[in-house]
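Colleague: Respectively, the protein sequence lines represent chains A and B. With the first letter of the first sequence counted as 1, position 293 gets the number 293 in the working numbering; the numbers rise by one all the way through. With the first letter of the second sequence counted as 1, position 178 gets the number 178 in the working numbering; the numbers rise by one all the way through.
Take the hints with a grain of salt, since some may be wrong.
According to the in silico footprint, chain B covers these stretches of chain A (three or more CB under 8 Å from chain B) [said to hold, decoys possible]:
1) 66-80
2) 209-215
3) 240-253
4) 305-317
5) 373-387
Dumping the calculated DMTMM-like pairs for lysine to aspartate or glutamate here, alpha-carbon to alpha-carbon at most 25 Å [said to hold, decoys possible]:
6) A:K231 to B:D422
7) A:K120 to A:D422
8) A:K231 to B:D123
9) A:K235 to B:E177
10) A:K120 to B:E423
11) A:K231 to B:D416
12) A:K239 to B:D123
13) A:K231 to B:E162
14) A:K239 to B:E348
15) B:K90 to B:D123
16) B:K264 to B:E162
17) A:K55 to A:E220
18) A:K231 to B:D484
19) A:K235 to B:D58
20) A:K231 to B:E423
21) A:K235 to B:E162
22) A:K231 to B:E59
23) A:K231 to B:E348
24) A:K239 to B:E162
25) A:K235 to B:D309
26) B:K93 to B:D58
27) A:K235 to A:E307
28) A:K120 to B:E357
29) A:K231 to B:E357
30) A:K235 to B:D422
31) A:K231 to B:E177
Partner residues are not named here, just some residues of chain B that face chain A (Cβ under 7 Å, in silico) [unchecked claim]:
32) N141
33) A142
34) D178
35) L432
36) N436
Keep in mind the hints are simulated off the structure, nothing from the lab. Built from N, CA and C at the ideal position, the CB exists for glycine as well.
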Amino acid sequence: MHYHVHNQLNVTFSRDGQLRRRSFLRCLPAAALAAGSLDWRSRLAAQASQLRTKKKACILLWMQGGPSQFETLSPKPGHASGGETSAIATSVPGIQIAEHLPAVASAMDDICLIRSMNSKEGSHPRASYLMHTGYIPTASIKHPTIGSHVAHQLGNPESDLPDFVRIGRVRSGGGGGLLGVNYDPFVINNANRTPDNTAPGTSTDRYLRRLSLLGQLHDEYESAEQRQEVKDHRKVYGKASRMVLSSNMKAFDIAQEPAGIRQQYGTSEFAAGCLMARRLIETGVTFVEVAAGNWDTHQDNFSRSAELCGQVDKPFAFLLEDLKQRGLLEQTLVVWMGEFGRTPRINPRAGRDHYPRAYSVALAGAGVRGGQVIGTTDPGGVGVEDRPVGVSDLLRTIFGSLDIDSDLENMSGVGRPIAVVDGGELVKEVFSG
Amino acid sequence: MSISVRSSLVLSVVLLPGFLLTPADLPAQSTATDVARQVDQLIAEEIGGESAAQISSDEVFLRRAFLDLVGEPPTSNDLLAFSLDTRADKRAKLVKQLLADDGYGTNWGRYWRDVIMFRRTEDRAILSQPALEEFLVTEFNANTPWNSIARQLITATGNVRENGQTGLIMAQGGRPEDTVAEISRIFMGIQIQCAQCHDHPTDRWTREQFHQLVAFFPRVAVRPTMMGNARSFAVIEKPELKGTLMQPVFFATGQQLQTGVLDKDRRETLSSWITSPENSWCAKALVNRLWSELVGEGFYEPVDDIGPDRDCSAPRTLDLLCNELTAHDYDIKWLMETILLTRTYQLESRNRRSLDELPFQANCPQRLRSDQLFNSLLAVFDIEDVVSDRPAAYGPAMRQGRGAPRLLFNSMFGFDPSTRRDEIGGSIPQALAMMNSPFINQQINAQHGQMLAPLLAEVNDDRQLVEELYIRVLSRQELRVCLDFRRGINSRSEAFEDILWALLNHAEFIHRK
Chain A
1 MHYHVHNQLN VTFSRDGQLR RRSFLRCLPA AALAAGSLDW RSRLAAQASQ
51 LRTKKKACIL LWMQGGPSQF ETLSPKPGHA SGGETSAIAT SVPGIQIAEH
101 LPAVASAMDD ICLIRSMNSK EGSHPRASYL MHTGYIPTAS IKHPTIGSHV
151 AHQLGNPESD LPDFVRIGRV RSGGGGGLLG VNYDPFVINN ANRTPDNTAP
201 GTSTDRYLRR LSLLGQLHDE YESAEQRQEV KDHRKVYGKA SRMVLSSNMK
251 AFDIAQEPAG IRQQYGTSEF AAGCLMARRL IETGVTFVEV AAGNWDTHQD
301 NFSRSAELCG QVDKPFAFLL EDLKQRGLLE QTLVVWMGEF GRTPRINPRA
351 GRDHYPRAYS VALAGAGVRG GQVIGTTDPG GVGVEDRPVG VSDLLRTIFG
401 SLDIDSDLEN MSGVGRPIAV VDGGELVKEV FSG
Chain B
1 MSISVRSSLV LSVVLLPGFL LTPADLPAQS TATDVARQVD QLIAEEIGGE
51 SAAQISSDEV FLRRAFLDLV GEPPTSNDLL AFSLDTRADK RAKLVKQLLA
101 DDGYGTNWGR YWRDVIMFRR TEDRAILSQP ALEEFLVTEF NANTPWNSIA
151 RQLITATGNV RENGQTGLIM AQGGRPEDTV AEISRIFMGI QIQCAQCHDH
201 PTDRWTREQF HQLVAFFPRV AVRPTMMGNA RSFAVIEKPE LKGTLMQPVF
251 FATGQQLQTG VLDKDRRETL SSWITSPENS WCAKALVNRL WSELVGEGFY
301 EPVDDIGPDR DCSAPRTLDL LCNELTAHDY DIKWLMETIL LTRTYQLESR
351 NRRSLDELPF QANCPQRLRS DQLFNSLLAV FDIEDVVSDR PAAYGPAMRQ
401 GRGAPRLLFN SMFGFDPSTR RDEIGGSIPQ ALAMMNSPFI NQQINAQHGQ
451 MLAPLLAEVN DDRQLVEELY IRVLSRQELR VCLDFRRGIN SRSEAFEDIL
501 WALLNHAEFI HRK
């Protein structure tokens, strides 16, 4: 018992110095206490997730290629622009979304839709960069992407795991930029496999033996002369090898998840990414981006959008549910967005082309008031009619929900201060109260 | 001609600012050796201080010169031959030899490819990268003068997969503002783009001057095209159209074109004005950049933000090199040779100086660029580069992480070479790849790799084998720690696999001293 208490205290203090032992029971979810028979590990997990909720986190579901708003969040049944897609009711009376997203429709109580997004960038790379950084690309300044800002301001430098994980290949999504490589995403190509290069090429014992030899070689080298590059190198290697050896690495292993949970997420690659995102957030990672694509439906928009919605619907909806059940949704912002929308006009190949003038995004968690729609477009979805929301407004809202100051200025390489977000205003209606 | 006569000629050039030498004016041009000596003297005069650093050892110099010039480390034979060479001018001979090697153009072509491509604002420009690299490699090996390379990059048209010189314009999607800003940054070291939206906060350029510069690039555009069945882009212009709105004025010299000049003549004019000897920024930007790459510290930092209101750490030295470069008709190999022959370059390396210390008192260690590091791995493992006939890993191949090993490696280890080198740190994914990647672990393996098995069989003496591995990986010798380690392990092959692993992950391996 003493051992348990001791560890409990260690965990308590290392994660949040404000907590005291007697507050432990108060922090446990009621359900866990009711279960009564929790073993040490489950109690630890329960406490860890409770402690985790002290800190804000964010999951960005990136819809690469530009999803059609007509086939997802802003259907226009009965109008020529709407095409063959019909609308279905959601859990919130008065809000309808496209037929291809039934699970998301059931989760509408937690979701805030913005149907009045608009920008001027209609090319994939430029629009992706814009949505990720709030700026249009320039040669002289590499603007940090959302995840890098979040890692920079909310990340835990002592963590064994990276603060910013990107699952799937995101094109033109930016990186740490002027904040430096420490804030680049840790990229996972395939959520069904161990992340690249995180398993030692040998047994753990031999890996440790190699690290120890390397340490001695560096010691010997440094005894002759103190060199900055060696110091920096040892720091990075220290962090990388701690990560390889960390028990938290199991967060990347979705195979450890109970079959029931896996089934709820579904089987698509995006589903695996969402499940990994939840495991990572639960373990203390601050920002996870999960990519789904390709939504660039210049041809066969209707069948392809239906198929893509099929890959995204269940995982998105169950991710919200799963976060909620673990008490993480209140502190975790979930954003669903792509680089732009698609044209009201249906082209001769039954496709829709790029359209930044009016498109939709979805937000949930972290104080977002679900069950509401912000902004409207005209009956044909050609233009924004009410409450236009620009990219800077959206980014301010995202950062605002995470308690990040959008006006903070970081220095660029040529000594020019660059604000986290340039201009724009927080969309107040997004939040409750 | 005796050395003293030649030095006095050099001095006369230095002492007569504005007097421009053309090759015809001189019976022979001042040699790299002479100018290198002048540079060292001038640095001593301008900066003062007696450097505590010694001239680098042969081992350090050899590895440094190989990596700097041809982008790969010396072999053990190179090291042996160089150590045994007793000629007083062996360093100068080595420099000449490396500059004549094709590896020189490959190395510096890739360097400039990165200078251009890391600042791309059009991601699809990656399609043009192989052609750009090929163009640059060829030009650098042919030692085409810098002004001619610049002119080709500024005035290019055509299919971006075929005409590599279109790479710079393609990297900015042909947008005039972005392209002109890059031309100014790369060829003159001036960041005029800040004046795009407002007058420059720290420099004297105005918004109007920026837009007058942009007027040299009207109606240049990038359009999708096909090359066989492959998607590509073409840089196009409408040569016979006349711009009427904004008068093109070159901010650096004040030279102006009338409105109404044909589009095709505008770019030609801009390129010749930028590279003309009257525009001193062009030589300054090149000298500053190459000096910074080689000595490890620039006259101005970062290398692409040099003026006009920035402080230069040794203005007379920089002027000397610039005047000589112009007199040598922008001969890049001559400039490289000159810098490598200076004592300043050949000094031992020391930590980057703090602000209160004097500049150029030592060489400064450099992190290897991705291609240099990849070449070093190939050299250690005795394997050939896999050359892909794929145009570029773009589209599905890139999304799925496929492509030639070098491209994948570069995507992880590459960095923008214009960034201040002390701001470029190693990353965790890089450390993970060096420690754990299947590629490296397979090569280290005594059974599967091609390198260690024959060595284990041929070299029975542990001491000799440690020496061999040290020289291969770090171009130097050291025994104690590895021999002690070897004695503690039963399996000889496992012990040496571990030693090789540790040497490859040593900080020294990914830097040049």
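Colleague: Does the structure break any of the earlier hints, and which numbers would those be?
Modeller: Those not satisfied are hints 1, 4, 5, 8, 9, 10, 12, 13, 14, 15, 17, 19, 21, 24, 25, 27, 28, 31, 32, 33.
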